[in-house]
Amino acid sequence: MEYIITYHCENSYKNPVSGAHWQFLVIPLEDDTQKIESINFENSLLEKGEYSINGFGFKTLRFKTSKTFSKVTFTVQLKLWKENINPFNFTPETDPTGSFDILDRLDFKTNHQTFLKSSKLTTLVNQEKFSYTFSKDLSIFQNLQNLNNFLFEHLTFETNQTAVNTTLEEVITKQKGVCQDFAHLFCAMGRENGVPTRYVSGYLHQGNGYFRDSQMHAWVESFIPTIGWIGFDPCNGILAATDYIKVAHGRDYNDCPPIKGVLFTSGENVTSYKVQVESAQQ
Amino acid sequence: MGKIQNQIFSSYQRDPVLYDEIFNNKGEIKDIYSRLFELYGGHTIKEYVHLNDKAKSSFFNQGITFQVYGEKESTEKIFPFDLFPRIIDPKEWEIIERGAIQRSKALNLFLWDIYHDQKIIKQGVVPLDLISSSANYLDQMIGLDPPGKIYNHISGTDIIKHNDGNYYVLEDNIRCPSGVSYVICNRTALKRALFGVFNHYKTHTVTNYAENLLDLLETVKPNGIDIPNVVVLTPGMYNSAFYEHSYLAKTMGVELVEGRDLFVENDFVYMKTTRGPERVDVIYRRVDDAFIDPLEFRADSALGVPGLFAAYKKGNVTLANAPGTGVADDKAIYTYMPDIIKYYLDEEPILNNVHTYHCSKPDELKYVLEHINELVIKPVDEAGGYGISIGNRLTKEQIEKVKAEVKAEPRKYVAQPIMSLSVHPTYIDDTESFEQRHVDLRTFTILGKDKEFVLKGGLTRVALKRGNLIVNSSQGGGSKDTWVLKE
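From first to last, the protein sequence lines stand for chains A and B.
So the first sequence is residues 1 to 282, counted in the numbering used here.
So the second sequence is residues 1 to 487, counted in the numbering used here.
One or more hints might be untrue.
In silico lysine-lysine, DSSO-like type, Cα no more than 27 angstroms apart, as pairs [said to hold, decoys possible]: (1) K260(A) <-> K14(A); (2) K48(A) <-> K314(B); (3) K59(A) <-> K149(B); (4) K412(B) <-> K109(A); (5) K412(B) <-> K119(B); (6) K14(A) <-> K35(A); (7) K109(A) <-> K149(B); (8) K412(B) <-> K59(A); (9) K119(B) <-> K451(B).
Just a sample of chain B residues kept apart from chain A, beta carbon distances all over 10 angstroms, derived [claimed, not checked]: (10) K46; (11) D145; (12) T274; (13) T356.
Quick partial rundown of chain A residues pointing at chain B, CB under 8 angstroms, derived from the structure [what the hints assert, rightly or not]: (14) Q23; (15) S52; (16) N54; (17) G55; (18) R62; (19) D104; (20) L106; (21) D107; (22) K260; (23) V262; (24) T265; (25) S266.
Please keep in mind that the hints were generated in silico from the structure rather than gathered at the bench.
Built from N, CA and C at the ideal position, the CB exists for glycine as well.
Next comes chain A alone, as it looks inside the complex:
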């Protein structure tokens, strides 16, 4: 499958900015299933961009300027080939008890400690009100699928209720949120049950002609012993398949925000994003 992805971002500032650095984490990662065929980026300040690798090993795109401005736009457009993915294409766990035993091993916990510990946005509270305990009679995969459905059923998707830095305490109280909140809660509950789970940032192809103010999508990947990392999208209650184009992963949103900026200014700013994902072949 071939996709054409457009990431467009527009920033307006109340007071003039006299210099800035930006770092974008919006380029899909390349692996056996994803390949970038072409990429083009532009910014209204006509500054030269450069690629770099961030602390977690993902490719970023950077701009800096010493010009003075009060509005700036960025556009990244790329063509991506993605292999058709059958999310069930793995050998299922034959021995659930054995898998749970592996989760308990010190070397396993050590190797996966980054995605087992809680981070700022994946710290669980109010556990008496809202929790999910895995059953040792089921495989880990089945448990994760049940957790995926549990969140899909118990949380309502609603924008403007939460922000990128909303804690789980608030999400649990409201039981409302957007894809980041679903993903953070999945991460927290997966980790609580001893399953390494990471936050994934990327694009979701939701059908052609879909173009609106939209942020990037967020889902999760959990590591199942003997199988590996499997993607779940609790916001839609499904497994991550061909339409899920991964950019980066981290402990939570803070490890993979699409844009980071350092600005020499004071006062407020308004940001708007447009993300468009279209499949090239009908």
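Here the structure of chain A is known, so what remains is to put chain B in place on it, guided by the hints.
This is chain B only, laid out in the frame that chain A set:
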């Protein structure tokens, strides 16, 4: 209490329970100090007061001052300096020096391990919790190979002498340890005031610190660089250690820069100069991890350099000390130092650790509960002295309360014997006489690629309040010149 017959020591009150650095337990002057004792004894108190004032003005004139944060009127203060030096015997120094190198090397190997294979954790020597719950463990450092495989280029080891006459390490400081400039300035001030006394002792120099620092920083240059361009990165003039940053840059003959003087392009670091951009290869940074790069760590940092971490990750620049090093100077890691030394070096620790009882172990818990009045009880996860109970200062009710807390959550507590820092005669302004004051010693160790250096001397810090054990400058501490004698 024994009285000592000597002009300026005539009113010296010696408490025989304390370990005095210059008098033995019979009240006799120790051999190593006898000449100095005679030399100083030749002065009257009046002359001594005059010399002391002269030394103080030398500090002001050199601009060696510090600020105490949080005081209403932010005044520049001088670090109180005492003219009577501390002398360390060559044989004792040899142990301190070997011990400091051993600890620095073990910590370096520990850091390499916890950011690579993590064998020490997988084998159960150090608990996983200590790493995964540490705010100073940087996941971004996993799998990254720092140039020359060095993390803790500069270590400040805080050592005390207990009343058993042995040295014990209290803390390993391996983030941005400060204080070395005072060591050198104390020497300068003493030379100005009492040059003659140096003729009677063969004392190691301390002014070679900067050249050794530069030399060792050059050994950890990025690959492919012939002669590296080294800079000192400071948070700026409002930092309490700014004097030291500028001193080190000046004496190394390198540029002192702030974050805004540097920029990153295509993963290389450059310094802005009047002749255009100049590449920077090694950064001795005195800015904490969280602030070094707003694009990777704290986004609100105005002290850092956007893109610096990516340049570091790519191997194009060396940061000293390496990011993420702070995880190993945690109080909880300290308690595992003897195990860490044995694990990586297959050696017995040369310097003692203060023995630590882990209340999580049943037999140690039993000992702690039975000997609580001889111990200090510390929570493992608190910093800055919070939640510490000193056994011999508790009432009966308090003892029962602490015991109950420890029993309820044994994993949360460790216990250590109550240490008694040695004392040294120190001139006290208020009484215009010498009195016993507690002292410690901060040594400075530099690790380079296959090379190391320990400054022969160190910062002897003095607790100026009678009976006080806290020697920090912000808590009213002073310092002494520290002489390491040649064989």
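Results of checking the hints against the structure:
no., hint, result
1, K260(A) <-> K14(A), "holds (18 angstroms)"
2, K48(A) <-> K314(B), "holds (21 angstroms)"
3, K59(A) <-> K149(B), "holds (25 angstroms)"
4, K412(B) <-> K109(A), "holds (21 angstroms)"
5, K412(B) <-> K119(B), "holds (25 angstroms)"
6, K14(A) <-> K35(A), "violated (40 angstroms)"
7, K109(A) <-> K149(B), "holds (26 angstroms)"
8, K412(B) <-> K59(A), "violated (41 angstroms)"
9, K119(B) <-> K451(B), "holds (25 angstroms)"
10, K46, "holds (59 angstroms)"
11, D145, "holds (14 angstroms)"
12, T274, "holds (17 angstroms)"
13, T356, "holds (22 angstroms)"
14, Q23, "holds (5 angstroms)"
15, S52, "holds (4 angstroms)"
16, N54, "holds (6 angstroms)"
17, G55, "holds (3 angstroms)"
18, R62, "holds (7 angstroms)"
19, D104, "violated (12 angstroms)"
20, L106, "holds (6 angstroms)"
21, D107, "holds (5 angstroms)"
22, K260, "holds (5 angstroms)"
23, V262, "holds (5 angstroms)"
24, T265, "violated (12 angstroms)"
25, S266, "violated (12 angstroms)"
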